[in-house]
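So for the sequence shown, my numbering puts the first residue at 84; every next one is plus one.
For the record, the hints were derived by calculation from the structure and aren't laboratory data.
Please note that a few of the clues may not be correct.
Said to hold, decoys possible - Simulated crosslink set (BS3-like; lysine-lysine; CA at most 27 Å straight-line): (1) Lys196 to Lys323; (2) Lys316 to Lys388; (3) Lys353 to Lys388; (4) Lys85 to Lys135; (5) Lys248 to Lys381; (6) Lys196 to Lys285; (7) Lys350 to Lys404; (8) Lys85 to Lys196; (9) Lys107 to Lys181; (10) Lys317 to Lys152; (11) Lys196 to Lys381; (12) Lys196 to Lys248; (13) Lys350 to Lys164.
For clarity, every value in this text was computed on a predicted model and none was experimentally measured.
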Amino acid sequence: MKRVLITGVAGMVGSHLLDALLEKGYEVVGIDNLSFGKLENISGNVNGPGFKFYQVDVLDFETLKILGKDVDIIVHLAAVKKVGEADSSMATLMVNGKGTENVLEIAKMWGSKVIFASTSDVYGMSPDIPHREDGDLLLGPSMIKRWSYAVSKLYNEQMVFAYHKDYGVPVVVLRYFGSFSSRSSFTWSGGHIPIFIDAILKDEEVIIHGDGTQTRSMGYVTDLVDGTVLAMKKEEAIGKIVNIGNDEELSVIDSAYLIHEIAHTGKELKIKFLPMEEIFGKYKDIMKRKPDLTKAKKMLGYEPKVSLREAIQITIEERRKILHNTN
Numbered sequence: 084m085k086r087v088l089i090t091g092v093a094g095m096v097g098s099h100l101l102d103a104l105l106e107k108g109y110e111v112v113g114i115d116n117l118s119f120g121k122l123e124n125i126s127g128n129v130n131g132p133g134f135k136f137y138q139v140d141v142l143d144f145e146t147l148k149i150l151g152k153d154v155d156i157i158v159h160l161a162a163v164k165k166v167g168e169a170d171s172s173m174a175t176l177m178v179n180g181k182g183t184e185n186v187l188e189i190a191k192m193w194g195s196k197v198i199f200a201s202t203s204d205v206y207g208m209s210p211d212i213p214h215r216e217d218g219d220l221l222l223g224p225s226m227i228k229r230w231s232y233a234v235s236k237l238y239n240e241q242m243v244f245a246y247h248k249d250y251g252v253p254v255v256v257l258r259y260f261g262s263f264s265s266r267s268s269f270t271w272s273g274g275h276i277p278i279f280i281d282a283i284l285k286d287e288e289v290i291i292h293g294d295g296t297q298t299r300s301m302g303y304v305t306d307l308v309d310g311t312v313l314a315m316k317k318e319e320a321i322g323k324i325v326n327i328g329n330d331e332e333l334s335v336i337d338s339a340y341l342i343h344e345i346a347h348t349g350k351e352l353k354i355k356f357l358p359m360e361e362i363f364g365k366y367k368d369i370m371k372r373k374p375d376l377t378k379a380k381k382m383l384g385y386e387p388k389v390s391l392r393e394a395i396q397i398t399i400e401e402r403r404k405i406l407h408n409t410n
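Take these sequences, add in the hints, and give me the full structure.
Okay, here's the thing in structure tokens:
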């Protein structure tokens, strides 16, 4: 039996990963400061066998050091995203930087393997589509705060490989592409699909940044979980970067039409376009994002199983129940 520590366990990916690992017989220690994660995401497991939850911040090194002892694998998901230019970048830079350093230091101390959750955001505006792990990265001007999340994750990747090469810590970097479920945050940090689902179910305006022609590859969270579990098991993934996600590409505007079609609300689709500069200042939106999954398929035996349409159907059904119970 493997013992796993999940940081950010009460978030969307963390809670679904917890479900999968407990089902497979793993013993799990989970931490979350609940600034983004929610207790209801893990409520079904909190008092169950094989799982211990601690409300702990990833910046709390001393507590992390105790909880990380006798752990075989650390899956580091805890992070702070950044959305608009009006927000502060400090939490994103500090938590993602120091928090990841803490995790790596503990892994070095106790001999644990680290699965680090990076992001497709690091590809930035790279014109090389689909995005390959060994491709060049293209980020925008450093004074635009919208890039702080991508920069923090890219710095984290460098730190992860430094610990691997300098100290022998076994690491795997997973570049997650967009995913969602009914446990998404349903804010902009959770991506456009959950927000569109909520707006359409509530008969509200669907807010689209720009003209909506920008494309994304979004998938169901269980596909990210499957890739993460495979990366935990496969020795050949150590020291590697691997894209994980769904390579089904759809424009933002067409996503709204698809959700409206699947939801069958009987109401008209209401769309409101917002100029990009109103939200993100001089930040230029990434127009295409699609993963090359060749490496994941060959190295991990990975294959996304849930189509975008199926993922939206599942999330709409579950979100409807949640909204019905809260009204």
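Right, here's what the structure says about each hint:
1. Lys196 to Lys323: Holds, at about 13 Å.
2. Lys316 to Lys388: Holds. Lysine 316 to lysine 388 sits at ~19 Å (cutoff 27 Å).
3. Lys353 to Lys388: violated, 31 Å
4. Lys85 to Lys135: Holds - the C-alpha atoms of lysine 135 and lysine 85 are around 14 Å apart, at most 27 Å.
5. Lys248 to Lys381: holds, 24 Å
6. Lys196 to Lys285: violated, 44 Å
7. Lys350 to Lys404: holds, 19 Å
8. Lys85 to Lys196: Given that 27 Å is the threshold and the Cα spacing comes to 11 Å, the pair holds.
9. Lys107 to Lys181: violated, 31 Å
10. Lys317 to Lys152: holds, 22 Å
11. Lys196 to Lys381: holds, 21 Å
12. Lys196 to Lys248: holds, 13 Å
13. Lys350 to Lys164: Distance of about 33 Å is beyond 27 Å: violated.
Violated hints, in rising order: 3, 6, 9 and 13; the structure is consistent with all others.
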